[in-house]
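So the sequences go chain by chain: A and B.
FYI, the numbering for the first sequence is 1278 to 1453, going by my numbering.
FYI, the numbering for the second sequence is 1346 to 1666, going by my numbering.
By construction, these hints were calculated from the structure, which means they are not laboratory data.
Ideal Cβ positions, reconstructed from N, Cα and C, are used throughout, including at glycine.
Check before you lean on any hint, since a few could be wrong.
Claimed, not checked - Straight-line C-alpha distance at most 25 Å; calculated DSS-like pairs for lysine-lysine:
#, chain 1, residue 1, chain 2, residue 2
1, B, Lys1422, B, Lys1579
2, A, Lys1417, B, Lys1422
3, B, Lys1386, A, Lys1453
Stated by the list, open to error - Quick list of simulated restraints, FRET-style, between CB atoms:
#, chain 1, residue 1, chain 2, residue 2, range
4, B, Arg1572, A, Ser1315, 36 to 42 Å
5, A, Glu1319, B, Gly1568, 51 to 57 Å
6, A, Glu1319, B, Gly1411, 16 to 22 Å
7, B, Gly1568, A, Thr1446, 40 to 46 Å
8, B, Glu1355, A, Gly1426, 41 to 47 Å
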Amino acid sequence: MLVRTFASAVTGIDAVTVTIEVNESRGVQFFLVGLPDSAVKESQHRIASALGTLDYHWPGKQIVINMAPADIRKEGSAYDLPLAMGILAADEKVSKGEIESFVLMGELSLDGTLQPVKGVLPIALRAREEGFKGVIVPVKNAREAAVVGGLDVYGMENLGEVVHFFNGTQKFNPVK
Amino acid sequence: MDFSDVRGQENVKRSLEVAAAGGHNIIMIGPPGAGKTMLAKRLPTIIPPLTLEEALETTKIHSVAGKIDDHTALMTKRPFRSPHHTISDVALVGGGTFPQPGEISLSHNGVLFLDELPEFKRTVLEVMRQPLEDRVITISRAKSTVDYPASFMLVASMNPCPCGFHNHPEKECMCSPGMVQKYLNRISGPLLDRIDIHIEVVPVNYDKLSDSGKVEHSSDVRGRVVRARAIQAKRFENVKGVYSNSQMSSSMQRRYCQLDESGGKLLKTAMDIRGLSARAYDRILKVARTIADLGESENITAEHISEAINYRNLDREGWAG
């Protein structure tokens, strides 16, 4: 089953929206395409470990992830969060409802904590330009993103909070 | 820190006021201990706060460089960057394998202070030539091109010679004439051409230093600078990305920097006698516009032009004695 989450690539001082398409099917392998650099490729291990701390397992399925546009190089560790959420959504552990209305960015620690990333302001500006409802970023980046009006900015501590947010099992307030 | 910490040096303070009001580049030349670095470090006390558009631009750059801490939303103070002279060209201008903004972009809408200018590697200084003119730096890699804004105010300081005492009123300069010229040549002609204000910093005598009389505070100077900037904001309100006279394009210059007859004659004479370049001509006009704004004058008079011309001492031959 195919799901989509949205991320953002910073080039210069602007950002470009990156669509992360996750497809789950029968099998065992993991493919990540769309010119990921080494830091992005390493995210598989960080995500697997973070999922473990939430008592989820890496899905026992074949997972193909495409980061579109596929010909722009994807750099850095900030894609951990949207990739993890894509995998959880494809595995039906997270409700798909609102996930496509948000841009997600954040680096994952092995215990699921969200680490701050660079370029959050251009990312938020771009998200507003493209009509997204809001952005989900690590809590340390929240004030930076909140500069942008007309956008719901949520600063999250860890992957668990993001899952609860989309499943509606916990309420969060956007940063002012 | 306050301007009043520095005793005397009224003409240097005036030139810094002009530079801050219009965002013009300035170089201070003088012997060691005269007060160049001290004044430059107090420049942030007289520059105006960022406007909303400038703040957004500057914060974006600092966001991309990962320099926004978790307490900051939008930056309010102008950046003041002062890299050590061992800096590499990539760190100054930006780039690297994964392109990142350099010091010139981190000082966008702010001040880049290069202390001891001749101590910087020549290649590093030359690499600044294009951004000083275009106010943007284009970093090309095999797979992509990235543009970073770089509209900064350059403040530089230097000694006139290796021993530092050339043209000193009391001390003897120990350098041979060739050494002095060679030292000054470290700052190439094209780079100097791009600096709008050249000011000689002369050492202050004891009486002036110990004088506890009235000295202007930063807040007074800042008031004048802020008023001049307000005039510029109104002038450029319909132009995107232009906030000060130094950022004017040639067409804007033709519109806003009209000279009267005496002013025009004065400039022509100066250009003929000193052999000033077309770029120098443009920059003199912009500085004159700022001086007129500081005097809250709608027109540029011969007086304003005269002050602006006198700020380009180094273009004059025979500087090295």
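To see whether the hints hold, each was checked on the structure:
{"no.": "1", "hint": "Lys1422/B with Lys1579/B", "verdict": "holds, 21 Å"}
{"no.": "2", "hint": "Lys1417/A with Lys1422/B", "verdict": "holds, 21 Å"}
{"no.": "3", "hint": "Lys1386/B with Lys1453/A", "verdict": "violated, 35 Å"}
{"no.": "4", "hint": "Arg1572/B with Ser1315/A: 36 to 42 Å", "verdict": "violated, 54 Å"}
{"no.": "5", "hint": "Glu1319/A with Gly1568/B: 51 to 57 Å", "verdict": "holds, 55 Å"}
{"no.": "6", "hint": "Glu1319/A with Gly1411/B: 16 to 22 Å", "verdict": "holds, 19 Å"}
{"no.": "7", "hint": "Gly1568/B with Thr1446/A: 40 to 46 Å", "verdict": "violated, 56 Å"}
{"no.": "8", "hint": "Glu1355/B with Gly1426/A: 41 to 47 Å", "verdict": "holds, 46 Å"}
In this structure, the earlier hints numbered 3, 4 and 7 are contradicted, and the remaining ones agree with it.
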